[in-house]
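Residue numbers (numbering that gives the first Met the number 0), protein chains in the order written: chain Z, 0 to 254; chain X, 0 to 317.
Just to be clear, a hint being listed does not mean it is correct.
What the hints assert, rightly or not - Below, computed lysine to any residue pairings styled on SDA-like, alpha-carbon distance capped at 20 Å: (1) Lys24/Z to Asn85/X; (2) Lys251/Z to Thr58/X; (3) Lys130/X to Phe32/Z; (4) Lys112/X to Trp93/X; (5) Lys90/Z to Asn37/X; (6) Lys24/Z to His132/X; (7) Lys119/X to Gly133/X; (8) Lys33/Z to Asp88/X; (9) Lys6/Z to Val105/X; (10) Lys285/X to Ser246/X; (11) Lys108/X to Trp20/Z; (12) Lys33/Z to Lys130/X; (13) Lys250/Z to Lys108/X; (14) Lys250/Z to Ser56/X.
I should point out that these hints are in silico values taken from the structure, not numbers from a laboratory.
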Amino acid sequence: MPLTDNKGLVKRLSCEISAAWAIAKKDMRIYYFKPNIIVSGIFFPLFMFLAFAIGKNTPPGALIPGLISITLLFSASSIEPVSIPIERRVKTFERLLSAPISLYSLVSGESMSGFLYSLGIACLPLAVGIFIFDTPIMSIPVLIISMVLTAFCFATLGTLFAAYPTENVGEVMSMLNTVRLPLIFISGVFIPISTMPRIGQQIALMSPLTYGNDMIEYAYTGKSLFSPLLDILALVIFILIFQVTANYLYKKFNE
Amino acid sequence: MKAIEVSHLIKEFGPLTALNDISFSVSEGETFGFLGPNGAGKTTTIRILTGVSRPTSGTATIFGHDIERDTIAARQSMGIVSENSNVYDDLTAWQNMIFSAELYQVGRKEREKKTNELLKKFELYERRNDKAHGFSKGMKRRLTLAMGLVNSPRLLFLDEPTSGLDVQSNLIIRDVVADLVKEHVTVFLTTHNIEEANIMCDRVAIINKGNIVAIDAPESLKKTIQSVQSIEISFDYNSADQLEELSRLSMVNEAQKAGDKFKLYTEDPSEVINAVMAYAHAHNLKILSITTLGPSLEDVFIKLTGLQRTGEKIHAID
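All chains should be modelled from the sequences, with the hints used to inform the complete structure.
Take a look at the structure:
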């Protein structure tokens, strides 16, 4: 490839990243840095987790990996399905659709804000594990990689569901919850996958939370169902599928 | 090179044909008006020209860039001011401007310089640190227009720029558009305000039911319907009965009352003037003013789109 083509490509890529970052900053300013959003981001997964974990004969520190997984799932995928229908209603979404950027940048920018928000929120159960329960972490690099990939995967899932062409937040949230709530029961967060019936184990393989939770579990205990490399590969494949599908749907629904 | 070149554009939504094989071009530096009743195809055309929607068939280029295949390059030279004042209410005027500049990849120094300049031009600089949700309708409209200009576009899409605005905002926006024309910026304007199109546009296209029914300079379009002339008359005494009596005068096709004046449409103004003089004499009325008017752009619009007047309102007949 000639040098000028490379320079053009690098410039284009840098423009796309800047635009995606601009969208992420805008979303964080408008939707994420609000006390009620931050508080609900922390309390919703916490209470849901306590509802299922209390009464079990498990030491509290051992619950931290599952709590981090659920926090990442709910906080990363919650805001875009709210903000995008609202932006459709007030016509600001049209501004993004007509900007000189690719749909991939739009989808990535929208997902990036959910990703950063959920990482921030997930630091709380992480800190509780470290400072209150003294939960040991076997591999910090694996924990960082698992949290980053899981957060980005679910942020992209939220952006994907928000592609549904409606101005009604409730419509998107009900569709998303139909998928999101069953995920926490089939992905090994509350019930170990190895103890599930065969059909349950097969369904678990189709859930991105299975791989995220498995890798987080490995980072804490050194034990997992799959190797961390397989978990990484599965999460990357889910991210790509969600990203490509979201890109396709945003394009299709705007024609 | 043409700023916009549209060739045989068709857009179908299922069985509905929103655009039926339309073709037109807009030269660089031209102010082009796009008029049509609701549902005529104006918004669909803009959505295709800005790359938001794809045509069923046909092509559209912006400064030579195909909007479907070279979308990003085509969009880089345009500014878009949509009908809705689509600013972010939870961001300040400054943040809205900077966000828009970032989306259009305006460099850091340039974006701050341009933001300062535009906020001052649109008289929003003093409120730059206030969130937009506290702004009036006119201020939001001005901010929307400022955001559309932050990337110094060569082509500006202006959708209903002054609809329902206060006088101050209206004047500021018209002044800015006049300045853009001096700077050789191409303006693609859609408006319901036909007088606005008459004043601002070099050429107008009239679209109806997905077809372009006329495209020419406003004055040339008016010449095509010289048969629609009118007499505007004011008496020293007005009553409700006069409208019906005047509408029955010889050669009067239609009569309207607007404030203290009557407007009588005719193909023969001199005959109607004689009839009005006789009517005033017979009813012991004093004529305060009488004016002969040529066809307005609104008359052209109504004739070509098949709309009809009822009183002072315009109704679709289809």
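Taking the hints in turn, this is what the structure says about them:
1. Lys24/Z to Asn85/X: With a Cα-Cα distance of about 18 Å, the restraint between Lys24/Z and Asn85/X holds, given a limit of 20 Å.
2. Lys251/Z to Thr58/X: OK: Lys251/Z and Thr58/X at ~19 Å, within 20 Å.
3. Lys130/X to Phe32/Z: Cα-Cα ~15 Å, so holds.
4. Lys112/X to Trp93/X: Since the Cα atoms of Lys112/X and Trp93/X sit roughly 12 Å apart, the hinted pair holds (cutoff 20 Å).
5. Lys90/Z to Asn37/X: holds, 19 Å
6. Lys24/Z to His132/X: holds, 19 Å
7. Lys119/X to Gly133/X: holds, 18 Å
8. Lys33/Z to Asp88/X: holds, 15 Å
9. Lys6/Z to Val105/X: Holds. Lys6/Z to Val105/X sits at ~18 Å (cutoff 20 Å).
10. Lys285/X to Ser246/X: holds, 19 Å
11. Lys108/X to Trp20/Z: At roughly 18 Å apart (the allowed maximum being 20 Å), Trp20/Z and Lys108/X satisfy the hint.
12. Lys33/Z to Lys130/X: holds, 15 Å
13. Lys250/Z to Lys108/X: Cα-Cα ~33 Å, so violated.
14. Lys250/Z to Ser56/X: Given that 20 Å is the threshold and the Cα spacing comes to 17 Å, the pair holds.
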